[in-house]
Every structure is written in structure tokens, then in C-alpha cells.
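**Student:** Chains A and B are the protein sequences, given in the same order.
First residue of the first sequence? That's 1 in my numbering, and the numbers climb one at a time after it.
First residue of the second sequence? That's 1001 in my numbering, and the numbers climb one at a time after it.
It is possible that some hints are incorrect.
Covered by chain B, per the in silico footprint, the following chain A stretches (three or more residues, Cβ under 8 Å) [stated by the list, open to error]:
#1 70–84
#2 154–166
#3 249–263
Everything labelled a hint here was simulated from the structure, so no lab data went into it.
From the three backbone atoms N, C-alpha and C, an ideal C-beta is built for every residue, glycine too.
Protein chains: 2
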Amino acid sequence: RKLESGDAAEARDNFAGFKLIKVLNENTRNKCIFVHGSFEGSDDDAVVLMEKTPFDKQSISAMLTSTTDLKQVMQNDIYGVYTSSPPPDLNGINTTIIYPATDRHIMKYSAQQIYLINETAEEYQEITLPFIESQPFSLQWVYNILDKKAESDRIIFEDEDTDTGFILLPDMKWDEKLTENLYIIGICHKRGIRSLRDLGREHLPLLNNIAKKGKEAICTKYGVKENQLRVYLHYQPSYYHLHVHFTHVNFDAPGMNIGKAHLLLDVMENIEMQSDYYPKKTFTFTAKEKDPLYLKYKAAGKM
Amino acid sequence: RKLESGDAAEARDNFAGFKLIKVLNENTRNKCIFVHGSFEGSDDDAVVLMEKTPFDKQSISAMLTSTTDLKQVMQNDIYGVYTSSPPPDLNGINTTIIYPATDRHIMKYSAQQIYLINETAEEYQEITLPFIESQPFSLQWVYNILDKKAESDRIIFEDEDTDTGFILLPDMKWDEKLTENLYIIGICHKRGIRSLRDLGREHLPLLNNIAKKGKEAICTKYGVKENQLRVYLHYQPSYYHLHVHFTHVNFDAPGMNIGKAHLLLDVMENIEMQSDYYPKKTFTFTAKEKDPLYLKYKAAGKM
């Protein structure tokens, strides 16, 4: 049968019945792999995202005991190289199963050539905005969160104000175990602010509120200091409902590069200086060769 | 007994008898941890370096079977988040045991806390600038390059103009073998421009020239496309003579994060909009707890 999006998928106990179709991409630095496959008895596609877990300071003692086997690879003077095999419960892998997955999911996680796009204000109006509006990007999962229909047990903080309010919750990439790789998302309650492009002076109270209360809530709950939090937005964002990223300064999080990330403090300062700074700005961002937006720029003779 | 360096250490079968003294450092993105400890029955120090292994394309099929347990963390619509626990032999950890380790090993693998500094225009004048001027930062090696007294055989391109000219040469981190990790530095001939802070409208011809001729020279020589080059400056820079970084977009180069890197295109646009954008800007950058500049901010009661 074909599973409908929105159906609650059953929790799986293991990967029984999984058939590998293709390794879409891997990152040997981050220890990630993205796989396209399917489950027995269904025609639906599945995308499996796996990332080795960071070491856990709390449980490292438990790992460095007689239950962790060592296999020597080589020994030179004081340097011994081994492969360790700790018990499975101490060495989990963060795994996301997207099922049923669409072609867009498969494309999103596939390895591709990367290009830089310089998007002027005019190109945003002529190419990017019509593209955003033509796409069936579903924001339903965001509205589920804002309406407490999903993930409400994960909410870290909420300011319910309809203009300046927001919800904080852990990013899907964070398992909430270590503050050193803290990754929290602040999603504004107000609907219709697609991205940085839409921001002007009228949004300063919202941005200030997210910056101030967001940091306070995180510092209180997780015992970090304000000057240990990076607070930023993405352009292009992965979904067009305004949201802010909070990560621990010790965490080398993905998506903090120039050409993607914009510090909230810089954003506020730029808007204070000139209200239409972002509507007018030329944004540089990276795009993959199969990204629909890249193809639009290419079709328009811009690449 | 005290083991002498040079003694062949015995191969260990597991971590029996290991006593944790301190977690020295960890990297949650690379999934590394560095630990200081000792082994029962010895006074010698041990340093253990562990790094999760990258996924192996060859064995991923074996991992995605019924032998890999799944524990559900949450489910929202089509997205299911799990912790997977594969059999230990499919999920090893690369481990180096340095034993006996010296104090220098322990220091080498120890972390320093990182903080974000928000440097206002006033704080630049009061703290940063006096610090820069008081330091014996020698720029002699830069002047040696500009005067062709050193590294002249490494020059990729030169524009000799004293106001808008510059020299391109490979960064020390690049071995010039793969264009995928191309890293080139453009150093301006004009002396006395310490950093981004000093830039104003009068420098636009220089910046435009570096952007245009720099990219042209690199694209011609290395067969890359203009939209595959990231071009940016650092603040704080590692030396206070204006220079520009050119890296390949596929290369996950160090120093491309917000709070460090500033796209040259953004810099030019900001200056065109407001000549004193950079002298007036509040810059956010990271510093380590033992960095002299961080200590100056701390002494001034700013941290």
C-alpha cells in the first residue's frame, strides 16, 4: 500500500526488511551517511540519515572499562593505535528515517556540485520569490509545533505574544545530552515572514525579543553563558517561516559559514542603520547543481 | 614502576584498569574526545584519543539489517528520529593510546574555552587598537613577500599598482595539488590598512581590483569557475596587513564561519551604502580564554 503523508508511521525496532538502493552522500569528517532505500512490502521510498553520536563526557568513564574491546592496529614507541568496540548501548548512532520520502528528499541528501549564487534585490523579485511561491513547501510541521499539535513535550520555552512571541525547541540534530553541542531553534509565532529578505524596522521588537529572551531561557536551562551562544539565521533557509538558530560556541555546527549564516546581532544592527537593508541586499549563498533554485538561476542565464 | 619512553608497551585487549583523570577536549562535530588518565598499577600518565569511524560504504548494507536495534526518540509526520545500535564490530572507534604520556602531550590535547566578543566601535578604539599597536606583531614576513625578498617563486599573480595592486600566492595550508581544496591569499601592496575596521569608500578601487583580477587570475590558472570561489576577509585577522582569502566552494576550509569571515562582496556593498560602515560596526568574533586580546577584554570588565 502507499502510505499517505500525515499517517503516523509505526515505530521500528530495527532495520529488518530494509533494502539499500543507493548511498546518496557521506561526510567522513562529520561521520554522516545518507542512504536511499525501501522497506519490504512497500513501494515507498525511504531516506535514512545516520550520524555517529558525539562522545558523552558523562558516560566516557563507562566506555573506558573492560567491556570495551581493543584490537591493536599498530604500536610505535609510546603510541598505540587500536580499534575500540564499546557495548552497543554506549555507542549509538543518531538516525532519522524519512518515510515515505519524496524525490525532493532524495535530491536534498544527494552529493552534488556546489555553486555560489549572488542574488540581487531584483533577482529575488524575479526569480527567487516566484520560485518560493510556486513550490509546495509544506510548513504544516511548523504550524503543528506552533499549535502544539506535535513536539509540544519538546518545547524549551515559549513567549505566546502573536507579534513578538516564539517557541524554542531543540533542533532535530541535537539529542539534548551535551550542552557542548547545544542546537536550539527559535520559531516565531507570527506567520508570513518568509526569511531575512522580508525583515525591516517593524520586526526589530520581534528580533530583540528572540535574542534577549531566547538567550536568557537557554542560559538558565542549560547553564551556559550568553557569550557562549552563537545566534543566527540562514539565507536561504531550509523552510520559509522565520526561525533563529542558537548553537554553543564550542560546537562546530553545520551551517555557520558565510554565504549561509547571518548573525542576529548583525541583522539587527543593519536594520537599525537602514530599514530596507535586507530587501535591498545582494545575498551570496551556495546552491547545489540540482537545487530547483539553482536551475531557475541557470535557466535565467545568471549562472 | 615507571615505564621508560621507548619501552614497547604491551598490547591491551580492553580498557581494564583505566582511571579517568580528566576529559581534555572533545569535538562534537568530528566526534572526537581526548582523555587524560592512568592505568592501574602505574604512576604514568596516559592520553587516549578517540574518534568515531566514518561510515563505510562497503559495510553500510550490513549495518542496515535486523541486527541493528532502533530506539525511537520522536516521530513527527514523515520524520522519525531514532538511536541505532549496530553490533560492536560494525561500529568501531579509532583509538590512540599515548602511554606513558608527558605533560606536553596533555597540554597539546587540552581544550581552551571559547567566548564570543562583541567589539563596538568604542571598544575597538579603547581596547583592540591599543592592543594591536602595543604588540610586536611583526609584518616583516609580509613585506618580504611584497618586496620579493621571500617566496617570490610562489607568486601566482601580481598587480604592481601601489594603491590598488596586490600579490596572490597559495596559503600555507594548501599543497597546490587539488583544486578542490584551493586556498589562495591576496595581499595588498598598500601598507597601513590593518583590517576591515580601517576600510572606507577610498578603498573601493582596491577591493574591486582584488575581487575582479584576483578571481580572473585564479580561474584562468586553476580552471575553476568564478561562482566556485569564496572570497572573504577575516576579523580579527591573524596579521594586521589587509589580505583576502580565496577558497574553493567545495572545500570546507577552516575560518569560514560567521564571527570570523566576511564576504568581500558584502564588504564592498556595505561600504558603498555607508562609507564608515566598518569603522562603526559592532564586530562579533570568537576568542580563546588564553588569547591576549580576550584577557584585555576581561581586564576591562567586558566579559
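**Student:** Against this structure, judge whether each hint is valid.
**Tutor:** How the hints compare with the structure:
For a cut-off of 8 Å, the count of residues in the region 70–84 of chain A with a CB near a CB of chain B stands at 12, and the three-residue condition holds. Check result for the region 154–166 of chain A against chain B: violated, 1 residues qualifying (beta carbon to beta carbon below 8 Å, three or more required). Residue count for the region 249–263 of chain A with a Cβ under 8 Å from a Cβ of chain B: 13. That meets the three needed, and the coverage hint holds.
When held up to the earlier numbered hints, the structure conflicts with hint 2 and nothing else.
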